[in-house]
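J.: Letter by letter, the chains look like this.
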Amino acid sequence: MNDMTKTAATEPQARAREEAALLPPVDVVEDASGITLYADLPGVTREGLNLRVEADTLTIEGEMALQVPEGMQASHAEVQVPRYRRVFTLSKELDPEKVSAELKHGVLKLRIPKAEHAQPRKVEIRVH
Amino acid sequence: MFYRSLFPRDVFADLDRLQRELQQAFDVSPSIRGLGRGGYPALNVGGTPQSVEVYAFAPGLDPAKIEVNLERGVLTVSGERTDTLGNGDAKAALHINERFAGRFRRVVSLPDDVDPSAVNADYRDGVLHISIRRRASAMPRRIEIQ
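Keeping their order, the protein sequence lines are chains A and B. Quick note: the first sequence uses our numbering, first residue 1, plus one each step. Quick note: the second sequence uses our numbering, first residue 1001, plus one each step.
Warning: the hint list may mix true and false statements.
Think about it this way: if two alpha-carbon atoms lie no more than 20 Å apart in a straight line, the pair counts; the simulated EDC-like pairs of lysine to aspartate or glutamate are [claimed, not checked]:
1. K104/A / E1098/B
2. K109/A / D1062/B
3. K98/A / D56/A
Everything labelled a hint here was simulated from the structure, so no lab data went into it.
Please work from the sequences and hints to get the whole structure.
T.: And the structure:
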């Protein structure tokens, strides 16, 4: 289930930015070999998810696909915008080519490994 | 009360202080249970003439462990979301931690005309959708004129 839609923006970015979007909560954990990001995107299907890496910018966008019965009138709404967007700046040692993504039960898990040259090396200490 | 930040140029501490001062200036006293909004899971409620629809935005749950109860016109959604971060190795650094973890419970009071025996709940893409039919006697009917 590893795939990453890494395409140029299909629509003009300016327009995309104007649209209101929710800021999804995330967890970011870093270990020796890379960074793992979890984002809560309830209601977003695989088709509605749009992940982009441009230069050192990671953009997470998701469109909700809720099945709402015809003629429903909302009486209380805490979620009022049907899309999410969040942008992160990646650092140099991360390898944007090898990002893998997984979406399950509305939680996106992104794994961004560190580039080979940035993997940790144990430095030998010479004692004379 | 005046809070001094630990680091003189900590912009986030300053923002926190600003928020507290604004709260004082406008005399808003937040509820002791916090704001109703922003909790987990977020809830949307709507209705059609035939049903009441409740959407709980509850990502990352095991569907088998979600409790949905309907008792005396009160719908309760409860469960627990386990923290996926705790089982990492000791060297892992947690940079951002915003997602909810722990037990949750949210309650919705339903209108009187719902039928407690006709409840449907499904969990898809992290959204729990509960649909409760209204009683047939309460549905709008067109009366034929003889």
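J.: For each hint, tell me whether it holds in the structure or not.
T.: Structure-based check of all given hints:
no., hint, result
1, K104/A / E1098/B, "holds (18 Å)"
2, K109/A / D1062/B, "holds (16 Å)"
3, K98/A / D56/A, "holds (13 Å)"
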